[in-house]
Amino acid sequence: MRRQLRLSGSGGQGVITAAIILAEAAVSEGKNAVQSQSYGPEARGGASKSEVIIDDEKIFHPHVKAPDFVLAMTQKAADKYYTDLSSDGVLILDDDLVPNAPEFKNTIRVPITKLAVEKVGRALFSNIVALGVIAKVTGLVNFDAIKRAVAHRVPPQTIAQNMMALQIGYDAVA
Amino acid sequence: MSASLMQGNEAVAEGALAAGVRFFGGYPITPSTEIAETMAKLLPKVGGTFIQMEDEIASMGVILGASLAGKKVLTASSGPGISLKQELIGYAAEAEIPAVIVNVQRVGPSTGQPTAPSQGDVMQARWGTHGDHSIIALSPWSVRESFNLTVKAVNLAEKYRTPVILLMDEIVGHLRENVELPTAEELEIFPRRTPKKSRAEGYQPYEPDEDLVPNVANFGEGYRIHVTGLIHDETGFPVGSPKVTENLIRRIHEKISLADDIIEVEEILMDDAEFAVVAFGGTARTAYEAVKACREKGLKVGFLRLVTIFPFADKIIYELAGKVKGIVMAELNFGQLVGEVRRAANGQCPVKLCAKYDMTIFEPEEIIASIEELINEVNGI
Numbered sequence: 001m002r003r004q005l006r007l008s009g010s011g012g013q014g015v016i017t018a019a020i021i022l023a024e025a026a027v028s029e030g031k032n033a034v035q036s037q038s039y040g041p042e043a044r045g046g047a048s049k050s051e052v053i054i055d056d057e058k059i060f061h062p063h064v065k066a067p068d069f070v071l072a073m074t075q076k077a078a079d080k081y082y083t084d085l086s087s088d089g090v091l092i093l094d095d096d097l098v099p100n101a102p103e104f105k106n107t108i109r110v111p112i113t114k115l116a117v118e119k120v121g122r123a124l125f126s127n128i129v130a131l132g133v134i135a136k137v138t139g140l141v142n143f144d145a146i147k148r149a150v151a152h153r154v155p156p157q158t159i160a161q162n163m164m165a166l167q168i169g170y171d172a173v174a
Numbered sequence: 175m176s177a178s179l180m181q182g183n184e185a186v187a188e189g190a191l192a193a194g195v196r197f198f199g200g201y202p203i204t205p206s207t208e209i210a211e212t213m214a215k216l217l218p219k220v221g222g223t224f225i226q227m228e229d230e231i232a233s234m235g236v237i238l239g240a241s242l243a244g245k246k247v248l249t250a251s252s253g254p255g256i257s258l259k260q261e262l263i264g265y266a267a268e269a270e271i272p273a274v275i276v277n278v279q280r281v282g283p284s285t286g287q288p289t290a291p292s293q294g295d296v297m298q299a300r301w302g303t304h305g306d307h308s309i310i311a312l313s314p315w316s317v318r319e320s321f322n323l324t325v326k327a328v329n330l331a332e333k334y335r336t337p338v339i340l341l342m343d344e345i346v347g348h349l350r351e352n353v354e355l356p357t358a359e360e361l362e363i364f365p366r367r368t369p370k371k372s373r374a375e376g377y378q379p380y381e382p383d384e385d386l387v388p389n390v391a392n393f394g395e396g397y398r399i400h401v402t403g404l405i406h407d408e409t410g411f412p413v414g415s416p417k418v419t420e421n422l423i424r425r426i427h428e429k430i431s432l433a434d435d436i437i438e439v440e441e442i443l444m445d446d447a448e449f450a451v452v453a454f455g456g457t458a459r460t461a462y463e464a465v466k467a468c469r470e471k472g473l474k475v476g477f478l479r480l481v482t483i484f485p486f487a488d489k490i491i492y493e494l495a496g497k498v499k500g501i502v503m504a505e506l507n508f509g510q511l512v513g514e515v516r517r518a519a520n521g522q523c524p525v526k527l528c529a530k531y532d533m534t535i536f537e538p539e540e541i542i543a544s545i546e547e548l549i550n551e552v553n554g555i
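Chains A and B supply the protein sequences, listed in that same order.
First residue of the first sequence? That's 1 in our numbering, and the numbers climb one at a time after it.
First residue of the second sequence? That's 175 in our numbering, and the numbers climb one at a time after it.
The set of hints was computed from the structure by calculation and includes no laboratory data.
Note that this is a predicted model, so its numbers are computed, not measured.
There could be a bad hint or two in this list.
Part of the chain B face toward chain A, derived, beta carbon under 10 Å [to be verified]: (1) P291; (2) I345; (3) P382; (4) G456; (5) K466.
Ideal placement from N, C-alpha and C gives every residue a C-beta, glycine not left out.
Please model the entire structure based on the sequences and the hints provided.
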């Protein structure tokens with residue numbers, strides 16, 4: 001079955017890296033995955049978005065339409081990217097960075113960046129906290145596969161902190 | 175080898191290495207930079223050389239020098255950088271220097287939209303440099319094919335001693351998907367051509383072989399070589415003669431136009447097709463979805479994907495136009511390659527342009543709408 005995700009925020013928050021790790025984890029489980037991205041010309045601060053499609057069938061057109069899950073890490077991203085969510089889709093928000101949550105029935109609010117700062121020590125880990133949230137909410141990819149994909153992708157000296165961030169995100173939703 | 179997630183640009187670098195490229199000269203530019211980054215990581219491990227030059231012109235110059243010294247070479251850039259490389263691409267065509275130039279297309283003209291996809295350089299690939307020259311351009315639609323076509327580009331550059339453009343786009347260059355790359359044993363690699371005669375036997379560096387391609391010796395291997403952008407005879411030295419001029423210009427065209435291993439297309443669902451969609455590169459992914467959707471609606475639509483862009487598949491398009499009632503050409507620009515399709519179709523059927531140039535990629539619905547309009551036009555509705 002085809003599942004479509006959109007991870008959005010601003011440049012520097014790491015949403016593209018989170019999407020790559022998720023797609024890598026899906027591929028490690030033998031699924032087909034396509035990851036694409038769009039971002040502005042700025043190195044930091046511009047709008048940033050990455051999309052992941054996971055399917056047992058081959059994937060050609062790489063754009064997500066009517067996503068099943070949208071993560072928004074800024075107010076701007078939330079306003080822009082939740083609108084075409086599928087009716088039974090889920091909107092995941094960074095609670096502090098999206099003060100005005102859009103009206104959407106299935107919304108999950110997690111203080112993602114705050115958890116990264118207070119529990120792991122740096123906002124830098126917020127994308128991995130978000131990935132933990134996504135892992136739990138979507139159940140699309142085995143959590144162990146995601147752990148391995150994180151360990152594979154991040155700098156070796158940061159693996160322990162990233163594992164902590166991932167677990168904190170995973171545990172932040174019921 | 176099990177499947178791994180890989181980016182199109184990374185696959186280009188992997189393909190280049192597998193094809194024997196051991197020299198990369200470049201200058202970073204979005205959306206091509208990952209090719210340079212990956213080459214910088216991989217080349218030193220196999221004894222190759224990565225060099226970041228001061229600009230795109232120097233990057234082109236340095237790979238031509240390295241090629242003349244015997245290395246298989248690659249450079250990568252995007253629109254603004256590719257424009258700067260044009261003079262030396264012509265030099266490579268004239269002096270018959272093997273080189274592969276990757277263009278990961280973004281929106282132009284000029285600096286345009288640096289991070290957004292486009293196929294707006296397709297005619298530049300053919301005619302970007304001045305003068306009568308031939309060129310080879312290939313355009314992949316997937317990460318796996320980015321690998322394959324890089325290998326093919328390097329092979330063709332070596333075999334025909336010509337610049338080859340690998341015409342990527344941001345869609346495929348930045349796309350990550352699962353791939354399984356072939357092993358070295360599965361690949362056919364064309365080695366650098368070598369002289370068949372010694373100096374004593376009358377070796378001339380630009381004397382054409384039977385396939386019209388000269389076996390120019392590498393610098394530093396005991397032969398006397400002169401390389402120039404001026405029209406030259408078999409010695410490699412300039413000659414102001416009409417006959418030599420005519421022969422050289424004809425030969426650099428015919429060595430490519432007479433070859434039978436350059437043009438490649440993929441036909442899908444064409445057997446009973448009454449209409450056809452033609453597309454290439456990243457747009458082909460969406461066009462294929464559109465064709466599948468039309469089939470589900472009961473419309474007899476087929477798909478022809480251009481893998482080789484230049485030399486253009488004249489004969490294949492001519493035959494296609496004789497078989498179907500109409501063709502939709504989908505391309506992510508204001509309308510460029512549609513001119514080639516119309517020329518090759520030669521009026522046998524209508525060729526409808528489906529163009530897009532708003533920095534976003536096609537959605538399948540847009541191409542489906544174009545197909546349905548064409549069907550209605552042909553049926554007089």
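### Task
Check each numbered hint from earlier against the structure, then list the numbers of those it violates in ascending order.
Per hint list: single violation, 3.
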